[in-house]
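*Asks:* Protein sequence lines, in the order shown, are assigned to chains P and S. The numbers in the working numbering rise by one with no breaks, and the one at position 461 of the first sequence is 461. The numbers in the working numbering rise by one with no breaks, and the one at position 233 of the second sequence is 233.
For the record, the hints were derived by calculation from the structure and aren't laboratory data. One should not assume that every hint holds.
As a list, the in silico SDA-like pairs of lysine to any residue whose alpha-carbon atoms are at most 20 Å apart [to be verified]:
#1 P:K89 to S:R193
#2 P:K679 to P:E691
#3 S:K352 to P:L77
#4 S:K224 to S:E241
#5 P:K382 to P:A280
#6 S:K352 to P:E67
Remember, predicted model here, so these are calculated numbers, not experimental data.
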Amino acid sequence: MTQMNTARIRPRNRIIVLIMLPVVLFGLAAAIGANRLLADPLVDYLKSRADQRLRLSSGLALAICDELMQNLLALRLEDDPAAAVSTQKEALEQIKALHQKLVNVHLAVTDENGRVLASTLPLPERLPGFSRLDLNNGIRTQELDGSPIRFHSRYFPFWRWHVISLSTAEAYLAPAAMASRAVYLGVFGVLAVLLVTVLIVFHLLVNRPLSQMIQATRGVALGEFPRLEIKRQDELGQLAIAFNAMVASLERGQEGMEKVLDRLKQSEEAYRSLAENSLALIAILRDGILLYVNDRALALSGYAREELVGQPLDRLIHPDDRGMLMRRTRERQVDDWRINQYELRYVCKDGRVRWLELLASPITYQGQPAVLGHAIDITERKNAQQEQRQLEAKLNHAQRMEVVGTLAGGISHDFNNLLHAITGYAQITLNRLGEDSPLAPHLRGILRSAGRGGELVNQLLAFSRRAESRLKPVNINQEVLHVCQMLTHTIPRMVSIETRLARDIWPILADPTQLEQVMMNLGSNARDAMPQGGRLTFETMNVVLDETAGQRLVDLPPGEYVQLRVSDTGHGMDEHTRSHIFDPFFTTKPLGQGTGLGLSTVYGIVKAHHGHISCYSHPGQGATFNLYLPVAAEMPREQAANGAPPPPPRARGELVLLVDDEQALLEITREMLQELGYKVLVASSGEEALEVYAGQDGRVDLVLMDLGMPGMGGRLCLERLLEMDPGAKVVISTGYVDRGQEEEALGLGAAGFLAKPYQLGDLVAKIRQALGKA
Amino acid sequence: MPRACPLVRLAALLTAFFLAFAAAASAAPPPIVIGGTVSLSGKFAETSHAIHESCRLWERQVNQEGGLLDRPVRLLLLDDKSDADEVGRLYRRLIDEDKVDLLVSPYSTTLTLAALAVSEPRGRLMIGLGASGDEIWSRGHKWIFGVYSSAERYFLGFMDMIARRNLREVALIHADSEFPRDAARGARSWIARFGLRLVQDDSFRDGPAELPELARRARAAGAKALVLAAYTDSCYQLLAELKAQDWRPQALAMTVGPAQADFAERAGDLAEGVFGPSQWEPNLRIPFPGMAKFIAEFQEQSRRLPSYHAASAYAGLTIAAKAISQTGGLDQGKLRDFIWALDTVTIMGRFKLDPTGRQVGHSPFIIQWQGMTKEIVYPPRMQTAAPEF
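Kindly generate the complete structure, drawing on both the sequences and the hints.
*Replies:* So this is what it looks like as structure tokens:
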């Protein structure tokens, strides 16, 4: 405490105290010593002075008597009683008057018998023992009425008087007390003067320069560089010179320091910016306690700095990862300076769990070992990876579906060519034999089987999205109601059908037939899932998908959609089943009871409509299919009236060049065209077709050409034909039902496109359309 | 007409000159003559010699300053051989034959009374230069005035001092003549006044014969103080006797002898501590006007310091000169009236007469020889040193 107090004292005052205290103590000792040494002699001296004063006073009084006696003697009146009485009276009066001029001394006159003749101090009439007062002019102290009185008497023999000077004890001893006080006062006075002098000198010679120096030092402390005025050559002057040199040095150092600080500041700002603005979380730990965290860590965790600093890191770590973290910490050896890298989860203040990729390296922080944690929040990456895996699964699924679709498309092409040949020959044969022929039922059986085969191929084509869709604006609610009406005839009564149709449902672009097939297939699938009965529900609603929702549905751009939800209360599916339900030929039904193409056809149709289908199902909880179909810009138009197709018109001998590498198709198609009155030239490749066409010298009216041919192929052949004869009319026919190919062909200048297998009427109509005779 | 001879004419001129000078000389004012006697021999010779020297000093000084009333002053001092009969004869001559204008007294009361016997009947004013005996003033003399204090007051101061010192027992020895008797009478009265006790009171006629016995008596009487009233020779005789008896009272006072300047030279160590009355002392610390000049010129003239006898003669002549100047003449009556009315200060101090012509303005000092130096010890206001007992 004393030191704190001493420290609080200003240096100047401390110096003053250091000077004054010894001086005061010395002064006290000097005063006591001086009092002992001086007081007694001084008291004796003052007593002697008092005695001298008594002697002097009595002497003065005696001188009065002498003077008057001399006057009396000079006048020779010493024997004159009247003159003697008068002179004595005068003497007493003068003695009393003399008393007025004396200090602390009284005067008295007695006769030789001690009778008081006059006194300036109240005295008894007679002073006992004063009848023979000391005639040797001695001084004595005598009790008088209990009070000590100091006397000095002179004998005046002319009148036989005792002239007495006397002083009371108080007055007599007063000088002694005063002497003691005077010694103290004197010593203290000298001490005070000495002190004041010392202080003034100290102030002028030391304090003021020191104050200026302190002021200047404070200025230095405030960042200024004041200089002291040098007026003296003594130590303080030398100190001032040294101070100025120091300030100059400090100024130079400050300038250098400022430069260093600027660089350091820039560096610190750079490092701080790196640390605080880092996208990484940075923390410093010692013994598992957080010593430092950067702003990024605070921003991501949601904690304030004071909530983290000083707290154990475990508090932030996900409980499932704490063990791992402790294990890694335990395994870390002392002086192991390797960098640890691992992922873990931490819990934000709001409870969210996020992922970190942590790099931990040992460092020395504030002189002690610590751990620098440098972490990157990889939550988004983790989520992205998960989504990536989901997307990859979906992609794999889509690719698988694409492969299956491609495979199915290729098979369908071949099947269509075969069915086209079977149907063509059977139909030619039936036409030639007539309906009355006994073989006609067999031929019609062939045509029915070929027809079912064609339907099967169409389903495959639908799955592979090579089936040609006739898209038009459709009110899905009407289609739902239509399908539900049909389903009531095919689904057992123990399965109820419900509809929840949105009002003002938006129109969609859809092929009504394919849309009907989709709902029928889903209804049939639901029926099979509810052998014990249940509820089948159709819901429609308008939905707007934003970008996020669109991305979640993988392949839908944001926009307006109509959602069709078909749900049942059946036995549901496990994950494995659900992940394969859209695969072609995947079925859970007993062998022979399902083709495995129902849901894959649905999938293909929806994709062909630029929509999306997903399934949500769990075992025992039924299944729900959500379909999203894009909204059409127009309302659906009135559908054309359905009617039986008119019989194909007869040709007028136009020359048709038929190009196909399939010899059977080439033959059946030539026969069909010849049956209709066309002249037919055939070519089995593109190169042959060009030669034939060139050889006819412009007489070929129309070229019917397959695209998928070996050699130069149909597409190049088309280009060469059009180069040879820009007016050439070419109709492309192919077993691959791909709208891209159709559009490409039409873009190259083809006059029409005809997909295999086609009916005879379709062939005639397309030819006549190309020839401008429809 | 025949022409005179040149030598005759020169002789005639010189004769005429001398006749004219002689006529002028015969026209100068006559001197004022002051006449008296001095004891150039006899028992008063030593003291009177100083008076004589002092008178001559005054004569020279006053004539150097132009005399009195524009007339020179001549002192006609005749040797009386210390004999009273001779004094009577000489004063008759001075008055009747020499026709002196003013008289000065001889030294001593005895000789003065002899002179007064001549002058008083003739109505001649006399300056009492060296007399203080009470008989001069108590016998109704009309034409003499004194300069000395009265002999009765010689021991006033001494008695005062020993009374204050509480030396109460006093022995008194005096010569059997006018002045000593007067002094002794005064001493008795002061002893009584100051409460002292007179333990011995004896007189003597033959000092060398009687003083030893008287001294033994004083010692036997337990005297603390011894007073001798006598003239110079007796003083030295008593000192020698006291030494012979190896006794010295605490205070010893003697008339005449101790006042003289050569007392210590003559008495030697015996002079130490001796008190004595003195009418005056040549001490410049005494602030009387004209003292310095008087002391200086007396020393120059006589090669020694003046005694109070010399000073009193000088002072008496100064008073007379003042009276002549102030009255403008030598009328004895006017001079008497002027002097009797005078209250002034001379080198002796205050000058004031009572109707009898006795000096009452002046008081004698008490001196004491201390270390071969004569110090004034009384009155207190004139002290040059404190008395030692």
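*Asks:* Please go over all the hints and tell whether each is borne out by the structure.
*Replies:* Here is what the structure says about each hint:
1. P:K89 to S:R193: holds (19 Å)
2. P:K679 to P:E691: holds (17 Å)
3. S:K352 to P:L77: holds (14 Å)
4. S:K224 to S:E241: With Cα atoms ~17 Å apart, K224 of chain S and E241 of chain S stay inside 20 Å; holds.
5. P:K382 to P:A280: holds (16 Å)
6. S:K352 to P:E67: Holds, at about 18 Å.
Of the numbered hints stated above, none is contradicted by the structure.
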